[in-house]
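Number of protein chains: 2
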Amino acid sequence: MEVMSTTDGAQADPDEDVATLSPAAARARFAGGRATATSGWCQGYAQANVIALPRELAFDMMVFAQRNPKPCPVLEVIDAGQVRADPGGAVFSAPGSDIRTDLPRYRVYRRGTLAEEVDDARPVWREDLVTFVIGCSFTFEHPLLAAGIPLRHLDAGRNVPMYRTALRCRSAGRLAGPLVVSMRGIPADRVADAVRISSRYPAVHGAPVHVGDPAALGIESWDEPDYGDAPALQPGDVPVFWACGVTPQAMVLESCPEVAITHSPGHMLVTDARDADYLVP
Amino acid sequence: MEVMSTTDGAQADPDEDVATLSPAAARARFAGGRATATSGWCQGYAQANVIALPRELAFDMMVFAQRNPKPCPVLEVIDAGQVRADPGGAVFSAPGSDIRTDLPRYRVYRRGTLAEEVDDARPVWREDLVTFVIGCSFTFEHPLLAAGIPLRHLDAGRNVPMYRTALRCRSAGRLAGPLVVSMRGIPADRVADAVRISSRYPAVHGAPVHVGDPAALGIESWDEPDYGDAPALQPGDVPVFWACGVTPQAMVLESCPEVAITHSPGHMLVTDARDADYLVP
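Those protein sequences? They're chains V and A, same order as listed.
Just so you know, we're using the numbering used here here: the first sequence kicks off at 7 and counts up by one.
Just so you know, we're using the numbering used here here: the second sequence kicks off at 7 and counts up by one.
Check before you lean on any hint, since a few could be wrong.
Chain copies aren't distinguished; within one or between two, either way the pair holds.
Said to hold, decoys possible - Subject to a maximum C-alpha distance of 20 Å in a straight line, what follows is the list of computed EDC-like cross-link-like pairs (lysine to aspartate or glutamate):
1) K76 with D66
2) K76 with D281
3) K76 with E133
4) K76 with D283
Simulated from the structure, these hints should not be mistaken for laboratory data.
The following block holds chain V by itself, in its conformation from the complex (with noise of 0.2 Å):
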């Protein structure tokens, strides 16, 4: 299921399994150059959305996302001048972590305009950012699969498709935008489970926020989603929305802070905190 990103820098050994390496061991990957997405890392360990806003907005951030939990629940906050979280948090305990290298890509927003894209945020870091780790769909993926739900953007080799819509989330103080949501293609005779199974883990988004009509959430290019790869439905399949860690990203657009440092979109944060830690009840 791994899906090797054609920005791959460093070498990568093609026999390791990549599956079952520890969180340590694929965050010390991508500090050490590989630039490669998420999806199939380290199974069983919950990935994340991150972003990094000045402290300014830092109030701002945790009330947005308090206001939107289900596109923004957030995991963990490491305070400004920290680059990891303290050692009382389940996200990323191990000493050798630092937020600014951890992850195999990063992009650089500035006043609402991705300016690049990193593999090493470290010269582009600054002391008062505050980082906000988001949970990521990929965490209930795993269950949908051992259900025996198929998720179509993984057969297809593909990142699952994102769309912005027209939805708007509730706004707090200089933060507002639209909510983006994830689709998958889900057969018609299993939506009810996905529903039933993704519910089950409201701190990584929940159940879907939308079964069945992509014009009702005023998506209009299908076939070009703004995040992510074209869906690949089968015949058959039900389009399942589910609210989307991207979500602040489409917030940096149209509130254009000084700067955001967010994770590629698929190249997520590997914590150290299990799925299972997230399931309720």
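Using the hints, position chain A against chain V.
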């Protein structure tokens, strides 16, 4: 089940069934001067803890809540300068709401000391206060009762006992403090059901944090809880401990913000959200 407060100042209609009042009607009673505990009021609607802190501590409070989601599940944030949530939120949308009068009784802490209790917080309010609305265990008490699990404090007409523990919350910036728990004695053969049912409400404290051993939590004064009333266990009951929304008040005692305004324990905000809104899955 109504626990009448001895501080009830206004004329109450003894025939009024407070269980079937609308939340807006209940808040109007409180704004009009009824200073009663809210257990049993407006059944089916979520009640909530409240803490308002100066804007300069608001980010720290959000991170404190994020790092301690079991005692401090944030349901809503009211911006500084506002007295009600914006209409996008479920918590209280009634146009006439005013967080400074909606509660039956408030506590005012100054530099970590309980300075006074008031029924109307307008004279002590400040423009820079940000208000945090935090989930309350009343929300899962209703489904426990519906499942036939007895709640001894209600049978005895008392408030639930709450204890400061020796467990520390994860700190955030200038905010630190101990975990406060509420205790319910549950018949041994219903403990598993109580865990199972409450765990489906992660936004209102969720599953217990501890089952069975008060000493392991550092609780010494069993018969004299730090908040609420003395326990009323029956033979065969096991003490079960849930994270408690009074935890922010214990944090205030230790962290000594210039000012903090909270609900009085047991005198909650009655919201317009339904208990069922917080049910997962």
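Hint by hint, here is what the structure shows:
1. K76 with D66: Within. Shortest intra-copy distance 17 Å satisfies the 20 Å Cα cut-off; inter-copy 22 Å does not.
2. K76 with D281: Classified as both; 17 Å inside a copy, 18 Å across copies.
3. K76 with E133: neither (29 Å within a copy, 30 Å between copies)
4. K76 with D283: Close inside one copy (17 Å) and across copies (14 Å); limit 20 Å.
When each numbered hint is compared with the structure, a violation occurs for hint 3 only.
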